[in-house]
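Trainee: What follows is each chain in one-letter form.
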Amino acid sequence: MSPMGKGAKKEITFFIILLFLSLLLLLADSRGWLSSTRAFLERPVLAVEEKLYSLRLSFSQLNLLISRESQEKEIMSLQGQLRQLAVEDGQLATCLEENEAMKRLLGAPLPAQWKFLPAKVIGLAEKMRLDKGRSDGVVEGMMVVSENILIGKVIAGEEKSALVQLLTDPVAKIPVVVKKVGDVGVQARGLLISQGGKLVLDRVLQSEDIREGDLVLTAGEGGWRPDLLIGQLGEVFGREAAVYQQAQILPLLDYQQLRIVFVVIQ
Amino acid sequence: MKFYLILLFTLFLALLQGAVLPLNLVLVVVLIWSIIRPAGEAWVVAFLSGLFLDLSKGTPLGSSSLILLIVCFAWRFYSRRFDPTHPLFLAAFLFLVSVAWNLLFKEAWLVDGLALAALSFLARPLVKFYHEDLSRDRLRLKV
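Protein sequences, first through last, are from chains L and R. Letter by letter, the first sequence follows residues 1 to 266 in my numbering. Letter by letter, the second sequence follows residues 267 to 409 in my numbering.
Excised from the complex, chain L in its bound form (with noise of 0.2 Å):
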């Protein structure tokens, strides 16, 4: 036999043995005959994986932390971005609105000499509270309109709002006239008063012909532009003793629902 061919014999016998080895060692470790080697040969091998497993837990925290940061910078990303879209909507939504309004003063029958500017109602109490002013072009004087709806007179102009005085304004003394729907002349003359709140027709002589839900509008008398409309007449008291008849006026307008109205600027 050559050395080769010992040598490979020797090589095979060692396999075989190693062979027999592992099959040796697997069927006494599953009869369980090697329970107690197994278990004290596996202790420092169980302590050093339990560190191999516990480096690999804090580096996935590690990893779940920085996700978790860039997961949070996206977060408040998108509330910015989302912020941003409720002032753009907001924006979007008043443009709407001015953009309805304007429409509807476009069909109103108003001179079309009149130039308008929009302007929104920042407060309302006795007066209304517009945010255009002196800057704006809006003085004293200025009628403030909704389509062709009367709502008060602007009395005093600040920088950037001014201020309105409304038709039921205790103070306010509006000559008016009052027209049947659909005729073109005038069916008599008064005076708009407020009453507790309420717009009341007065001074209107017992000879003219007044009744349920005819139009009141602006004679154009006393500081007040002609032909905006105030109301409609409702329930009249003509008491025949009395000198003048009066009647109350239901206006066509909620002021609280008011957002923009239009400053008739010239």
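For the record, the hints were derived by calculation from the structure and aren't laboratory data. Keep in mind that the hints are not guaranteed to be accurate.
As the list claims (entries may be wrong) - Stretch by stretch, here's where chain L covers chain R in the computed footprint (C-beta under 8 Å, at least three residues):
#1 305-311
#2 332-345
#3 353-367
Here a beta-carbon is modelled for each residue, glycine too, at the ideal position from N, C-alpha and C.
Please arrange chain R on chain L, whose structure you already have, making use of the hints.
Mentor: Using the frame of chain L, we list chain R on its own:
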């Protein structure tokens, strides 16, 4: 590389496999070692590495040793017929063994097999270098 160093290395890899690593890197190291070192040494490394693997993974003691010994034997047998440093030979062999191994131990087999094959393909220059070194030594011994 010293004999005990490779055992320490396979012990480390076995611990890693038991704790965190899904890839059977011990198999790769044992196969590469059996190309570049004499058979007797390869059997011992395969046997002991198998024991490390069993201890760390909690499999029956001797089962991995048995598989590694058989795989090494088959590997050395085929290495006489084919070039063990061929880029595809080791990769294909590793893939097949890994698949068989994982099916035996009911582990995810395909991805691991492919990963090991790719790894062995990348380790080929190292294998070739050591294999040629060994061949030169044998030739010198023969002369």
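Trainee: Now look at each hint and say whether the structure bears it out.
Mentor: Tested hints:
Coverage of the stretch 305-311 of chain R by chain L holds in this model, with 4 residues showing a Cβ closer than 8 Å to a Cβ of that chain against a need of three. Only residues whose beta carbon comes within less than 8 Å of a beta carbon in chain L count, and the stretch 332-345 of chain R has 4; three or more means the coverage holds. Counting residues of the stretch 353-367 of chain R whose beta carbon lies closer than 8 Å to any beta carbon of chain L gives 0, which falls below the threshold of three, so the coverage claim is violated.
The structure is inconsistent with hint 3 alone, although it conforms to all the rest.
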